[in-house]
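**Student:** Counting in the numbering used here, the sequence shown runs from 1 upward without gaps.
Among the clues, some could well be false.
[To be verified] In silico lysine-lysine, DSSO-like type, Cα no more than 27 Å apart, as pairs:
1. Lys-162 / Lys-126
2. Lys-222 / Lys-4
3. Lys-48 / Lys-4
4. Lys-21 / Lys-126
5. Lys-48 / Lys-162
6. Lys-21 / Lys-133
Calculated directly from the structure, the hints in this document are not laboratory data.
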Amino acid sequence: MEEKLSVLLVDQDLMTASVMKQFIVAVPGFYVAGISTSLPHICVTLQKNQIDLVVFEPLGLAENIAEVVGRIHRISPMTAFIVVSSKADQFSVRQALSLGALDYVLKPFSFERFRRALYICQDRKKLLSTLPKICMQNTIDEVIVAQRERLFFSYLPNGIQKETLEQMAETLSSLQEAATIDEIAQLTGFSRTTTWRYLHYLLNIGRIVSTLEYQVAGRPLKKFLYIK
Numbered sequence: 001m002e003e004k005l006s007v008l009l010v011d012q013d014l015m016t017a018s019v020m021k022q023f024i025v026a027v028p029g030f031y032v033a034g035i036s037t038s039l040p041h042i043c044v045t046l047q048k049n050q051i052d053l054v055v056f057e058p059l060g061l062a063e064n065i066a067e068v069v070g071r072i073h074r075i076s077p078m079t080a081f082i083v084v085s086s087k088a089d090q091f092s093v094r095q096a097l098s099l100g101a102l103d104y105v106l107k108p109f110s111f112e113r114f115r116r117a118l119y120i121c122q123d124r125k126k127l128l129s130t131l132p133k134i135c136m137q138n139t140i141d142e143v144i145v146a147q148r149e150r151l152f153f154s155y156l157p158n159g160i161q162k163e164t165l166e167q168m169a170e171t172l173s174s175l176q177e178a179a180t181i182d183e184i185a186q187l188t189g190f191s192r193t194t195t196w197r198y199l200h201y202l203l204n205i206g207r208i209v210s211t212l213e214y215q216v217a218g219r220p221l222k223k224f225l226y227i228k
């Protein structure tokens with residue numbers, strides 16, 4: 001049986017903490033180890049319990065996110081953290097992500113968005129557990145690449161489905177040379193419209209490049225190549 005990840009919820013708004021607790025209960029693989037409303041209580045909880053993840057709202061806890069994270073990691077360096085906050089300013093978001101936040105969720109949030117943040121933590125925990133006691137460089141590289149790939153499939157806009165994107169990326173990465181939209185549509189079995197929508201998305205995020213192949217006569221062919 002897979003071990004559940006322990007979560008410490010931190011929010012001075014107990015109603016929000018209660019909502020987060022209900023969401024966590026509904027996600028397999030997690031359980032709420034406690035709810036805190038102050039930085040001293042966070043520290044006491046971390047000293048007494050093994051906490052895998054701290055989900056916190058920094059407002060009211062300390063002057064900035066760095067102070068909260070510093071206190072958490074001085075006691076429990078391996079504990080991951082996610083910020084769930086109404087603070088939407090650039091400095092707070094940049095600071096949290098620079099300090100190692102697995103995710104930054106703005107209030108108000110949906111169950112789907114909150115669950116996605118939990119899955120990021122779960123995936124990372126599983127990935128790091130694959131590391132051997134003594135790591136070779138290629139092993140580290142594989143884990144880093146795998147982590148990037150998982151993040152790539154975690155944040156998808158409306159109209160882009162994970163399974164379809166995975167199939168498209170797998171098909172493109174298997175090609176030895178650039179292919180046209182019609183060739184890619186035939187290989188994937190998708191319609192030309194669907195193929196173009198996913199190619200456009202992959203172009204925008206820099207996972208593929210497009211080139212023009214000029215013909216003796218007629219318009220040049222637009223081809224796409226996956227960046228490996």
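**Student:** Against this structure, judge whether each hint is valid.
**Tutor:** Hint check:
1. Lys-162 / Lys-126: 20 Å, holds
2. Lys-222 / Lys-4: Violated, at about 49 Å.
3. Lys-48 / Lys-4: Status holds; Cα separation ~18 Å.
4. Lys-21 / Lys-126: Judged against 27 Å, a Cα distance of about 22 Å means the pair holds.
5. Lys-48 / Lys-162: 39 Å, violated
6. Lys-21 / Lys-133: 35 Å, violated
Of the numbered hints stated above, those contradicted by the structure are hints 2, 5, 6, listed in ascending order.
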